[in-house]
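Visitor: Go ahead and model the full structure; you've got the sequences and the hints to work with.
Protein chains: 2
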Amino acid sequence: MQVPSPSAREAASMYGTAVAVFLVILVAALQGSAPPESPFPYRIPLDPEGALELAWNVSYAQELVHFQLLVRGLKAGVLFGMSDRGQLEDADLAVLWTDGDKAYFGDAWSDQKGQLHLDPQQDYQLLRAQRTPAGLTLLFRRPFSTCDPRDYLIEDGTVHLVYGILEQPFPSLEAINTSALQTGLQRVQLLKPDIAVPPLPPDTRTMEVRAPDVLVPSQETTYWCYVTELPGGFSRHHIVMYEPIVTEGNEALVHHMEVFQCAAELESVPPFSGPCDSKMKPARLSHCRHVLAAWALGAKAFYYPEEAGLAFGGPGSSRFLRLEVHYHNPLRIHGRRDSSGIRLYYTASLRRFDAGIMELGLVYTPVMAIPPQEEAFVLTGYCTDKCTQLALPPSGIRIFASQLHTHLTGRKVVTVLARGGREREIVNKDDHYSPHFQEIRMLKKAVSVHQGDVLITSCTYNTEDRKLATVGGFGILEEMCVNYVHYYPQTQLELCKSSVDPGFLQKYFHLVNRFNSEEVCTCPQASVPEQFASVPWNSFSRHVLAALYGFAPVSVHCNKSSAVRFQGEWDLQPLPEIFSKLEEPAPRCPAGRGQSPAGPTVVSIGGGKG
Amino acid sequence: MQVPSPSAREAASMYGTAVAVFLVILVAALQGSAPPESPFPYRIPLDPEGALELAWNVSYAQELVHFQLLVRGLKAGVLFGMSDRGQLEDADLAVLWTDGDKAYFGDAWSDQKGQLHLDPQQDYQLLRAQRTPAGLTLLFRRPFSTCDPRDYLIEDGTVHLVYGILEQPFPSLEAINTSALQTGLQRVQLLKPDIAVPPLPPDTRTMEVRAPDVLVPSQETTYWCYVTELPGGFSRHHIVMYEPIVTEGNEALVHHMEVFQCAAELESVPPFSGPCDSKMKPARLSHCRHVLAAWALGAKAFYYPEEAGLAFGGPGSSRFLRLEVHYHNPLRIHGRRDSSGIRLYYTASLRRFDAGIMELGLVYTPVMAIPPQEEAFVLTGYCTDKCTQLALPPSGIRIFASQLHTHLTGRKVVTVLARGGREREIVNKDDHYSPHFQEIRMLKKAVSVHQGDVLITSCTYNTEDRKLATVGGFGILEEMCVNYVHYYPQTQLELCKSSVDPGFLQKYFHLVNRFNSEEVCTCPQASVPEQFASVPWNSFSRHVLAALYGFAPVSVHCNKSSAVRFQGEWDLQPLPEIFSKLEEPAPRCPAGRGQSPAGPTVVSIGGGKG
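Top to bottom, those sequences are chains D and P.
Take 127 as the starting number for the first sequence in this note's numbering and just add one per residue.
Take 127 as the starting number for the second sequence in this note's numbering and just add one per residue.
You may find that some hints are simply not true.
Same chains, same label: a pair holds when it works inside one copy or across any pair of copies.
[What the hints assert, rightly or not] Below, simulated DSS-like cross-link-like pairs (lysine-lysine); rule was C-alpha separation at most 27 Å, straight line:
hint : residue 1 : residue 2
1    : K707      : K239
2    : K571      : K407
3    : K707      : K555
4    : K707      : K538
5    : K538      : K555
6    : K593      : K707
7    : K538      : K318
Worth flagging that the hints you see were computed from the coordinates, not collected in a lab.
Predicted model, so just to flag it, every value in this text is computed and none were measured.
Guide: Now the structure itself:
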């Protein structure tokens, strides 16, 4: 194994006062390969004030991420890292700190109480520390997997980035506790797919759907709704790409944006621009739910595969569009104006295939429920072989993107494809899913679904803050488990979901009564939410509910639209039998980790300049 | 961190023929600390022929084990390592091999098919390779925990050591597959407790209970029974220590030995020496079950704590003893004679406390059952607060040793002490338990049990080879879950165990019928084993049985002897409530692992001499 000879340059300097700005002047440690010459394609502000800005790139060949952290107005140091759900406890951190004399960069972890400890193995590897006019730039890298049990495993899906600002020197790393710092989190898809950008047709035109110079409300959360319409006589086109337009200076404010098309049945939609929960909002806007484009913080442009596009315009397609912008304004900034939106790239030269969106997962029904006080309860919805056999074309479909969706208690979502009783492939998986960060994600590799395949979507919920069962439904306090998959060629199948057979659920309530004191009313008048509300939740009723959902037959919604089923018998269907599950891949430890430093790196610090 | 400068000496030599004996002449790599000057207190033959002999010591301060492997009649190399249950696949291996030119020592792992791969991190560290008149001696060390996900974690309890003999050179490590080698396993408690040996009283005398020059049968497994008796008029004494006596040359043959005392009620027991399953065996021997001493392969002398001894002799104590020797003779050696046994050290100066043995875990009853085809099904028995409150002295008891017991499907056993609803301490735990290796183990730290404490004993079973449910009971094809704890001062409490309430089990059978096709006869004539035999085992009936055992009230046996309960209500007792569980300790990775070599070590080889 080749160990490149480390080069290290140093410059003596002096540390000023405890709260002085300090400056890292020189390269502190340049180990391993030189910093990549390629630019950083991904960039995101970490804090609402934009003091910390992260840029990164991903090397799938080396299985590592290069990070470039820009720190504006550096005080006495900074923490940056990752944790399971964005908490600053049990986090995996890169730390730049000073003891008032020297400054150090090290790989650390925070314990359950937020106290920092140095990792025995240093996996955040500092490559360069540089002063620029904008601020201090730290360049460092981290392997996806370090095999240090304290470290975060960088996986596909959402990553919760965390940060903290050190305002003063600390005598040692162990003296730092995150609970005493200004800290925060930012969600991002760190491992962006490495997909070649398909060429755009020569006749590509653009259309901007933007907020009309909105005055952003000075409240933490605003969903802004704006209605616009396609030009008169706009014929059928294919959207082939779209990208965000974020008003300069508002990068930390604009959390996500979506463009919806209204239902074709609507003759007209009155103009509107205002908060989506406003009483002034036209009722018809609730019929504007067909997604044309969706963007969330950290996402880049979305390209359709070369052979497909999303149809809009022309007969049978509404002229009315709804833009929804989620402003996240925790600092309650006043008077900020915004014209962010989405730029659609479309072509009149229709591509070979129309793209479609299909809904997988659970039917929105209270028969699927989560007991309260569960740390990780799993519900699963099935798109059965019978449905795919009937509704998919003989050549199958290709899923190229996916948007996962739950309400507030969702913590993980995964869809797996099974064929012949064997799990074959993961369609999409997010083990750090957050209902506050739902983006359409391109799949790293498109997934082909054939007639007879089964698609299994499982969601994991945390109901530790709930007193009663959480039932399925449309309400924000009810739950969903959905994967909107984007695919081509478009088929009539819009919805392939399931829920437990209601008769078996009634058997469950009878059984609970038999083992307890007949708390659950099993009379016909009782509604399922009422029945769930009266279940005495103990280890038995919890486990048996989970066992029921893993055993009882299901009702399948194999639908052309939300109300129209394909012909056939869809009730009391057996659960798909799965003989062989996909194995979790064994974590691959970086081969070269013996070369990382065993302790923190000393960083030469310049003092002075307050 | 100090890195001792590695010293390496080499000597050129030549390799003879592919099957020639090769000799490692010189120290190959001497890294880290020098080999320990202390001798190796533990020693065990690995293979039935005694070609491989392992000695080891344990450093709890450094959290590592030094191994000294003696290889007699070395051919082209040797594998040594550990695996979950003694299989040669998915094993963690140290490998000495030659490609015909050079020889190498490396840390490797075998995949599911037995093929070897080099570990990215080399944690078996070779300290010395030396030729002695007896054979080649390899000295190497391994941390308990390496944090390499392919590596075995060395824990308390049983460790399955594995070995393999390389008969010929291999072009590379990857060319080796364990399925083509002569291999085997040996079970051992690797992490022996580090307890100071208590001094023996000056009047200590010894008594040998030995097999009477037995001709060992030429079959793989023999349990030999031999009846002997105490001298006439032998008064009450305390056993304070015992140790094995193994006939020289039979070290690999004698697997375990136990000395039992017969029931005091027996007037006399006829003499006998023969296989325990012989038709000639006197029926009364089944009343000789009170353990006085037990030894298993790899165990050393057993010392009672300084303030306690095991009473035997005198009025109320049978004069008759039964020695049981398990001969393990896989090579079916003919004509071997054996006089192995146990030497008891006893004193007439009775110590302050009598030691006692108490049985924790599950009652022997078919109501506790394991479905077939389970990979890891857990049953739990409770010694409740009500029982310890009633039966233990106000000052409590101290448990100093433990013998875990299940029948053939047992894979893990653990006893945890809980107080005030919180798990406090592990009494004994074996995550690699084997029913073929049951020894009395001294606890690393004696456990105090007070009035009102709860002792929870859980056993994990694997029934993948069974077609029908495995019910609790005495039969070898039935199951047990028992921890015999050795403690002082002796109390009247001999047995503190539980089983599920039989009425709740009948509710379970009703429930199964409701969700299936009424397969289980719930009429009063049906026996519980018959009922379990007719359960349709599907995911629901399996999970609900597990949920029932985790929820339903229990019958508690809080007994003075197997038939006499303490006074009180012991049926329909609630399960102990546990609010807080002990956390699994996070694996501690060796701090210095950055210093281990990144690849195999070249070992200089001398050829020649066949």
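Visitor: Decide, hint by hint, whether the structure agrees.
Guide: How the hints compare with the structure:
1. K707 - K239: between (37 Å within a copy, 19 Å between copies)
2. K571 - K407: neither (40 Å within a copy, 70 Å between copies)
3. K707 - K555: within (15 Å within a copy, 30 Å between copies)
4. K707 - K538: both (18 Å within a copy, 25 Å between copies)
5. K538 - K555: within (8 Å within a copy, 33 Å between copies)
6. K593 - K707: between (34 Å within a copy, 23 Å between copies)
7. K538 - K318: within (18 Å within a copy, 43 Å between copies)
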